[in-house]
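Protein chains: 2
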Amino acid sequence: MRYFIEFAYDGAPYFGYQVQPNQISVQETLEKALSTLLREPIKTTGAGRTDTGVHAKKIFAHFDFEGELMDNLVHRLNSFLPESIAVKRIFEVKSEAHARFSATYRTYNYFISTEKDPFTKDLAWQLWRKKLDVDAMNEACKILFEYSDFTSFAKLHTDNKTNICKIYQANWEQNGSLLKFTVSADRFLRNMVRAIVGTMIEVGDGKLKPEDMHRVITEQHRNSAGTSAPAHGLFLVDVGYDFLD
Amino acid sequence: MRYFIEFAYDGAPYFGYQVQPNQISVQETLEKALSTLLREPIKTTGAGRTDTGVHAKKIFAHFDFEGELMDNLVHRLNSFLPESIAVKRIFEVKSEAHARFSATYRTYNYFISTEKDPFTKDLAWQLWRKKLDVDAMNEACKILFEYSDFTSFAKLHTDNKTNICKIYQANWEQNGSLLKFTVSADRFLRNMVRAIVGTMIEVGDGKLKPEDMHRVITEQHRNSAGTSAPAHGLFLVDVGYDFLD
Numbered sequence: 001m002r003y004f005i006e007f008a009y010d011g012a013p014y015f016g017y018q019v020q021p022n023q024i025s026v027q028e029t030l031e032k033a034l035s036t037l038l039r040e041p042i043k044t045t046g047a048g049r050t051d052t053g054v055h056a057k058k059i060f061a062h063f064d065f066e067g068e069l070m071d072n073l074v075h076r077l078n079s080f081l082p083e084s085i086a087v088k089r090i091f092e093v094k095s096e097a098h099a100r101f102s103a104t105y106r107t108y109n110y111f112i113s114t115e116k117d118p119f120t121k122d123l124a125w126q127l128w129r130k131k132l133d134v135d136a137m138n139e140a141c142k143i144l145f146e147y148s149d150f151t152s153f154a155k156l157h158t159d160n161k162t163n164i165c166k167i168y169q170a171n172w173e174q175n176g177s178l179l180k181f182t183v184s185a186d187r188f189l190r191n192m193v194r195a196i197v198g199t200m201i202e203v204g205d206g207k208l209k210p211e212d213m214h215r216v217i218t219e220q221h222r223n224s225a226g227t228s229a230p231a232h233g234l235f236l237v238d239v240g241y242d243f244l245d
Numbered sequence: 001m002r003y004f005i006e007f008a009y010d011g012a013p014y015f016g017y018q019v020q021p022n023q024i025s026v027q028e029t030l031e032k033a034l035s036t037l038l039r040e041p042i043k044t045t046g047a048g049r050t051d052t053g054v055h056a057k058k059i060f061a062h063f064d065f066e067g068e069l070m071d072n073l074v075h076r077l078n079s080f081l082p083e084s085i086a087v088k089r090i091f092e093v094k095s096e097a098h099a100r101f102s103a104t105y106r107t108y109n110y111f112i113s114t115e116k117d118p119f120t121k122d123l124a125w126q127l128w129r130k131k132l133d134v135d136a137m138n139e140a141c142k143i144l145f146e147y148s149d150f151t152s153f154a155k156l157h158t159d160n161k162t163n164i165c166k167i168y169q170a171n172w173e174q175n176g177s178l179l180k181f182t183v184s185a186d187r188f189l190r191n192m193v194r195a196i197v198g199t200m201i202e203v204g205d206g207k208l209k210p211e212d213m214h215r216v217i218t219e220q221h222r223n224s225a226g227t228s229a230p231a232h233g234l235f236l237v238d239v240g241y242d243f244l245d
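Residue numbers (the UniProt record's numbering), protein chains in the order written: chain A, 1 to 245; chain B, 1 to 245.
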């Protein structure tokens, strides 16, 4: 039987989502907990592979297991796992459902603190020294929808076959002292959201004009875009599947 | 001239508010920043003396300074101070205004996470393993108003002349997965809020009945109350002065 597991994690203590030799990853920590409680080696496939320090508020993984799941497995997993990983639910899916390839969209948030705030320092980029023009940043967002090749926002030397993505949503919203970027797409390239945010900050800061986004994107080179925003402000917040509401 | 400084801090990196020999305190960190920017030794008097690990969202201190304050002092202080301390404003007050003795009330919040949440682990007590009866805890709150001697919630062997406090507000409120305790009083004894929260959790958990609060309080002994709740869930959130709105 195939199961989906929905969970959340604080990325700070991990060297990214995916299993890495000699480093602690979210995936390894989760698989160790599942294997211990289900008493057989469990391999998981995650919906995405977040980088070191990136968080997830809602992410899924799938695993196969033929035995019977105990009723209180979610509670027992949460007791076993460290405070930085929380399991929300585990449910059976069709055998062809795939956490990564069946996903129809992914949504990320990036948080920026526009006032100095000791309580968001680990979960938002502290940019209170800058005065950001949020309207200009939202103008820049609109330009993203006109393109599909995002090579300029892709990490160099990755093994992606294509840098084509379909962006469904992109906007900035100010809530109190938190400035939130929401971006949805069918897929994301490695480092893409952080590169977009870094470039948008240059727009907000006046270094770039919103219409410079055309040039940044069409040049199709990472050097055309801004520096990557730091990992600790980035959250994977949703993954969509046709078979889930 | 006397000035009030309003600020906030994450208590995690500090050995409490007050200057301690050989330990880093909030007060020492603040005084060092003020003294550097104002180019003379500045001593501050805080509105309260929070314990190690306790946070403040809104606290005041006063200091005396005869020179002229630079316009951008708040911004420069925030640049100088670590991420864990944020200065909100600095304003002149009458020379007899005293951050500690002029305060008419103080308000604390205590946060409890009733679902496992990686993102509140440093700012709320993670009690998702327990099923808490919030109605019973609110019943217990009402009993606090009937008393004024809170010796049972006071740390033993302190040099308090009196353990008499007037409680103005006390209630529990569930917002999503966060359970928030709000308590206001004219003054608080050392460790008092954490001892009240620890006792209330025993009520929520069914170990005590709400009406047991009468006995806990009238026995006037710390052993009658529950264990102290951990420091990281506690926030000083307001201090009232007649001359501020």
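It should be emphasised that the hints constitute simulated quantities derived from the structure, not laboratory data.
From a predicted model like this one, the values you see are computed outputs, not experimental measurements.
Here a beta-carbon is modelled for each residue, glycine too, at the ideal position from N, C-alpha and C.
Mixed in with the good hints there might be a few duds.
[Said to hold, decoys possible] Beyond 12 Å from chain A on every Cβ pair, some chain B residues (computed):
1) R2
2) G11
3) G16
4) K43
5) D117
6) S177
[To be verified] DSBU-like mimics (lysine-lysine), calculated; alpha carbons at most 30 Å apart, straight line:
7) B:K180 / A:K58
8) A:K166 / B:K32
9) A:K207 / A:K58
10) B:K58 / A:K121
11) B:K180 / A:K57
12) B:K88 / A:K121
13) B:K58 / A:K57
14) A:K180 / B:K207
15) B:K43 / A:K57
16) B:K207 / A:K130
17) A:K131 / B:K88
18) A:K88 / B:K88
19) B:K131 / A:K88
20) B:K121 / B:K155
21) A:K32 / B:K207
22) B:K155 / A:K180
23) A:K88 / B:K207
24) B:K155 / A:K57
25) B:K32 / A:K32
26) B:K131 / A:K58
27) A:K32 / B:K131
28) B:K142 / A:K180
29) A:K57 / A:K130
30) A:K121 / B:K207
31) A:K131 / B:K58
32) A:K57 / A:K131
33) B:K57 / A:K130
34) A:K130 / B:K58
Quiz item: Can you list which hints this structure breaks, lowest number first?
Solution: The structure breaks hints 2, 5, 6, 8, 9, 14, 15, 16, 18, 21, 22, 24, 25, 28 and 30; every other hint is satisfied.
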